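Protein chains: 2
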Amino acid sequence: MKKVDVIIIGGGPAGYTTALTAKNLYPDKSIVLIRREEKVLIPCAIPYLFNTIKTIDQNILPDDPLIKLGVDIVVDEVTSINLSNRIVKTSKGLEFEFNRLVLATGSKPVELKVDGSNLKNVFYIIKDYNYLKNVIETVKEANDIVIIGGGFVGMEIADDLCKTGKNITIVEMLPHCLLRNFDEEFAILAEEELKSRGVNIKTNCLVTKIEGNSKVEKVKLSTGEDIKADVVIVSIGVRPNVDLAKSLGLKIGSLGGIEVDYCRRTSNPLIYAVGDCVERPDFITGKSTFVQLASVATSDARIAAMNLFTLSAPCKYVGSIGAFSTKIGDLTFACVGFTESRAKIEGVDYVVGYSEAIDKHPTILPGGKKIKLKIIVSKPTQEIIGAEIVGGSTVAEYVNTLGMLILNRMKLTDILSLQVATHPWLTPSPVAYTLHTAALDALKKLKK
Amino acid sequence: MKKVDVIIIGGGPAGYTTALTAKNLYPDKSIVLIRREEKVLIPCAIPYLFNTIKTIDQNILPDDPLIKLGVDIVVDEVTSINLSNRIVKTSKGLEFEFNRLVLATGSKPVELKVDGSNLKNVFYIIKDYNYLKNVIETVKEANDIVIIGGGFVGMEIADDLCKTGKNITIVEMLPHCLLRNFDEEFAILAEEELKSRGVNIKTNCLVTKIEGNSKVEKVKLSTGEDIKADVVIVSIGVRPNVDLAKSLGLKIGSLGGIEVDYCRRTSNPLIYAVGDCVERPDFITGKSTFVQLASVATSDARIAAMNLFTLSAPCKYVGSIGAFSTKIGDLTFACVGFTESRAKIEGVDYVVGYSEAIDKHPTILPGGKKIKLKIIVSKPTQEIIGAEIVGGSTVAEYVNTLGMLILNRMKLTDILSLQVATHPWLTPSPVAYTLHTAALDALKKLKK
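If you read the protein sequences in the order shown, they are chains A and B. The first sequence lines up with residues 1 to 448 when you count with our numbering. The second sequence lines up with residues 1 to 448 when you count with our numbering.
These aren't lab readings, by the way, just hints derived from the structure by calculation. Since the structure is predicted, the reported quantities are computational estimates derived from the model, not experimental observations. Don't take each hint at face value.
Note that the list lumps identical chains together, so a pair holds whenever it fits in one copy or between two copies.
[Unchecked claim] BS3-like, lysine-lysine: derived pairs with alpha carbons at most 30 Å apart:
id : residue 1 : residue 2
1  : K287      : K411
2  : K39       : K133
3  : K39       : K370
4  : K54       : K39
5  : K220      : K108
6  : K68       : K3
7  : K163      : K54
8  : K287      : K344
9  : K372      : K39
10 : K379      : K316
11 : K448      : K411
12 : K370      : K163
13 : K68       : K444
14 : K68       : K379
15 : K215      : K54
16 : K379      : K344
17 : K411      : K344
18 : K220      : K163
19 : K68       : K447
20 : K68       : K372
21 : K411      : K316
22 : K163      : K228
23 : K68       : K369
24 : K369      : K163
25 : K3        : K444
Please model the complete structure; the sequences and the hints are all you need to start from.
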């Protein structure tokens with residue numbers, strides 16, 4: 001039996017970041033990270049294993065930084081947790097007595113429930129080295145690939161795979177892909193970018209059946225269409241993995257994720273939970289929500305780490321803003337906070353500000369890309385509550401400035417006062433910077 | 001005599017942005033912009049006229065957006081302003097009665113005071129179409145070019161010119177170039193980048209004399225060295241152009257710029273001043289300071305425009321943070337707030353946080369660039385008061401997130417809680433995002 005200060009269960013980005021942050025802040029505390037996987041995949045880059053990244057071994061979250069700090073990594077499975085004497089046992093017979101426990105048990109793919117979904121070569125994006133290795137090898141041999149689900153994971157896989165010349169089809173049940181993150185006008189741009197690279201996109205369309213003999217051969221759609229398929233990749237969302245939390249009697253939220261407080265403590269104050277397995281209040285409404293993004297998961301992790309032994313009361317957790325970016329073809333798309341359609345659903349009294357500009361000035365400088373920005377502003381408060389942006393690679397950091405505006409509840413007039421660095425080669429002109437122009441557009445509409 | 005609501009004097013980015021913002025916010029007000037120049041140069045891109053931008057006419061601030069809005073552009077010189085009856089007269093005999101006056105009279109280059117500085121082919125960066133056209137044409141014919149002053153303008157000119165194969169030398173009196181904006185370790189990186197492209201850099205070095213017969217032939221340095229020169233470009237700073245303000249009896253600040261309040265009103269409440277001609281409090285210390293950057297000038301302009309007719313009291317002007325970026329070779333450098341050396345001079349009790357990461361994850365993805373970030377944190381408040389960053393092109397927008405942290409007086413623990421969007425192709429990993437890593441580094445040092 002080994003006495004340790006902290007046991008973290010789960011080695012994905014949330015568990016990893018908890019260990020990294022906690023050991024940096026409390027070098028004298030002993031921290032054990034228990035995970036099932038020998039090698040942990042970098043989850044965000046899984047879509048690029050299909051073509052760009054040549055071997056799966058190049059996409060492994062490095063253990064070195066944790067080991068150097070003195071985190072004890074145990075590759076093993078937790079078999080029992082006794083809360084009264086705080087003892088964790090593992091399948092290899094290890095026993096630990098802990099002071100704090102952190103659950104970072106992640107998520108599982110939502111399963112497709114149609115006839116034939118159990119056929120050979122119907123795959124999910126499961127963050128498991130051996131499973132994914134097989135998926136990738138099978139895809140390499142395949143020619144006709146159907147991706148079910150046009151969220152960002154499906155779109156990114158298609159983006160990477162379309163460079164191989166294979167025949168790729170995305171099937172999405174909503175009117176457009178990416179609608180969880182973007183409004184229609186941005187979603188259409190992303191679809192057009194993929195279509196121009198040869199990807200087939202079927203929207204407004206359900207999969208009714210998967211057919212094949214020894215393995216998948218075709219996918220039948222609600223439109224009556226059949227699509228030839230050597231491989232099907234199902235990517236229709238994830239749900240929190242709360243089996244362990246349930247077995248510990250922890251409170252599960254209304255959406256099915258682990259309930260945590262601002263400091264990331266579960267209903268048992270010695271147990272924390274972070275990442276995809278928890279549900280949290282939305283920044284705008286305070287309603288419980290699932291956001292399974294690295295931006296939120298690693299924020300959880302750092303908050304939990306800071307609050308592991310003494311609370312940083314009042315803890316400044318402020319709710320999820322869901323900051324996110326993706327790259328489709330040559331375009332970078334990013335969003336944070338509410339989309340316009342979400343604002344409508346939630347009944348917000350809002351106004352929209354738009355702007356467009358080339359990301360160089362003068363615009364004749366070589367390599368310029370158009371940035372298109374949309375901001376959603378609450379009318380009663382004049383605060384920016386959401387933003388969507390598309391452009392070149394700089395947009396990926398731009399969105400974090402937009403997130404900062406939302407988190408700090410900045411108003412349109414604050415945005416117009418903002419000092420923003422610009423440069424001829426790198427940004428729109430300071431006299432027409434997209435953020436100011438969009439704020440001005442919204443302010444004009446508010447004054448009407 | 002024409003009655004108008006607003007007269008803006010000066011057509012650079014500050015005057016331009018004042019007109020653009022004011023006419024958007026108050027479409028019913030008549031706005032006249034009076035400027036000397038037929039064509040206004042985009043000032044930030046002047047360094048790229050020496051090679052990249054093929055003709056000076058491609059670097060003109062477009063009048064169209066102002067004209068479309070209904071701003072009246074008058075190319076003329078103001079000859080007299082009578083404050084008692086509010087009448088502006090011009091050299092072409094025009095007369096306007098105004099309600100509000102905005103001075104955007106900009107800056108003039110600081111002159112080099114050594115023997116020979118009046119020789120032919122010794123030039124300044126004067127934002128005048130015909131003057132600069134001649135400079136550029138003369139430089140095109142020249143082979144040996146000496147740039148006096150290693151600030152960002154001098155560095156950018158060298159960066160653009162070194163691609164032509166000409167012999168370029170920068171002379172800087174301080175121990176390194178760019179020290180007004182960066183600490184030594186960043187300045188050295190910028191110098192190395194230019195040196196690797198063939199630029200000669202002489203630091204710790206004064207120009208004692210310029211020699212030549214009919215025109216410049218050589219530059220003599222305090223080290224005793226002579227440098228051959230067909231052309232000399234002097235770029236040793238700018239000073240506010242306050243001639244008009246002085247003639248109007250407006251209060252001039254201790255540094256020689258026009259004094260303005262938070263709303264950008266001068267000592268005469270009907271007269272506003274914006275851009276390079278004013279001095280303003282620094283965000284960190286509140287001390288009066290000159291920051292002649294587009295980020296600050298256009299912020300002035302938008303603040304003035306919002307407050308032209310009714311004050312947005314309390315006006316949320318918060319002081320200059322001097323957000324700024326530049327591109328030297330393949331590297332983007334950016335900074336905001338205090339450098340470490342400035343913090344030392346001001347007597348701040350500070351700690352520094354460092355981080356480095358590749359801007360892609362996994363780092364084997366093609367095209368990755370190293371980002372190096374340094375943050376300066378006030379010990380007593382734990383607030384970030386400055387940041388310097390170098391990396392690929394995304395750094396140019398990243399610095400605006402850093403500016404937002406400073407403006408919102410965010411603490412290290414707030415930064416660790418931050419949700420930051422990341423993407424394999426576009427940013428460091430979410431488990432090692434440079435901002436979080438630097439904050440963690442600073443927090444560890446604070447705890448010691």
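Each hint tested on the structure:
1. Taking the closest pair of Cα atoms, K287 and K411 come within 30 Å of each other both inside a single copy (22 Å) and across two copies (26 Å).
2. Taking the shortest Cα distances, K39 and K133 sit within 30 Å of each other inside one copy (12 Å), while across copies they are farther apart (61 Å).
3. Taking identical chains as interchangeable, the C-alpha atoms of K39 and K370 lie at most 30 Å apart only when they sit on different chains, with a minimum of 25 Å there against 40 Å within one chain.
4. Proximity of K54 and K39 under a CA criterion of 30 Å is satisfied intra-copy only: 17 Å inside one chain copy versus 53 Å between copies.
5. For the homomeric pair K220 and K108, the shortest alpha-carbon distance inside one copy (25 Å) is at most 30 Å, but the shortest distance between copies (72 Å) is not.
6. Proximity of K68 and K3 under a CA criterion of 30 Å is satisfied intra-copy only: 21 Å inside one chain copy versus 74 Å between copies.
7. Taking CA atoms no more than 30 Å apart as the test, K163 paired with K54 passes inside one copy only; the shortest distance there is 14 Å, against 36 Å between copies.
8. With identical chains, the CA atoms of K287 and K344 are at most 30 Å apart within one copy only, with a shortest distance of 16 Å there and 46 Å across copies.
9. Taking the closest pair of Cα atoms, K372 and K39 come within 30 Å of each other only across two copies (28 Å); inside a single copy the shortest separation is 39 Å, beyond that limit.
10. Taking the shortest Cα distances, K379 and K316 sit within 30 Å of each other both inside one copy (26 Å) and across copies (19 Å).
11. Proximity of K448 and K411 under a CA criterion of 30 Å is satisfied intra-copy only: 17 Å inside one chain copy versus 38 Å between copies.
12. Proximity of K370 and K163 under a CA criterion of 30 Å is satisfied in both settings, with 24 Å inside one chain copy and 27 Å between copies.
13. Proximity of K68 to K444 under the C-alpha cut-off of 30 Å is restricted to the inter-copy arrangement: shortest distance 16 Å between copies versus 55 Å within a copy.
14. In this assembly of identical chains, K68 and K379 lie within 30 Å of each other by CA distance solely across copies; the values are 28 Å between and 51 Å within a copy.
15. For a Cα distance limit of 30 Å, the shortest separation of K215 from K54 inside one copy, 26 Å, qualifies, whereas the shortest one across copies, 61 Å, does not.
16. Within a single copy, K379 and K344 get their C-alpha atoms as close as 13 Å, which meets the 30 Å cut-off; across copies the closest is 44 Å, which misses it.
17. Taking CA atoms no more than 30 Å apart as the test, K411 paired with K344 passes inside one copy only; the shortest distance there is 20 Å, against 34 Å between copies.
18. Proximity of K220 to K163 under the C-alpha cut-off of 30 Å is restricted to the intra-copy arrangement: shortest distance 25 Å within a copy versus 58 Å between copies.
19. With identical chains, the CA atoms of K68 and K447 are at most 30 Å apart between copies only, with a shortest distance of 20 Å across copies and 58 Å within one.
20. For the identical chains of this complex, K68 and K372 are inter-copy neighbours only, at 21 Å across copies versus 43 Å inside a copy, given an alpha-carbon limit of 30 Å.
21. Taking the closest pair of Cα atoms, K411 and K316 come within 30 Å of each other both inside a single copy (20 Å) and across two copies (10 Å).
22. Taking the shortest Cα distances, K163 and K228 sit within 30 Å of each other inside one copy (19 Å), while across copies they are farther apart (53 Å).
23. Taking the closest pair of Cα atoms, K68 and K369 come within 30 Å of each other only across two copies (24 Å); inside a single copy the shortest separation is 42 Å, beyond that limit.
24. Within a single copy, K369 and K163 get their C-alpha atoms as close as 22 Å, and across copies as close as 24 Å, so both meet the 30 Å cut-off.
25. Proximity of K3 to K444 under the C-alpha cut-off of 30 Å is restricted to the inter-copy arrangement: shortest distance 25 Å between copies versus 63 Å within a copy.
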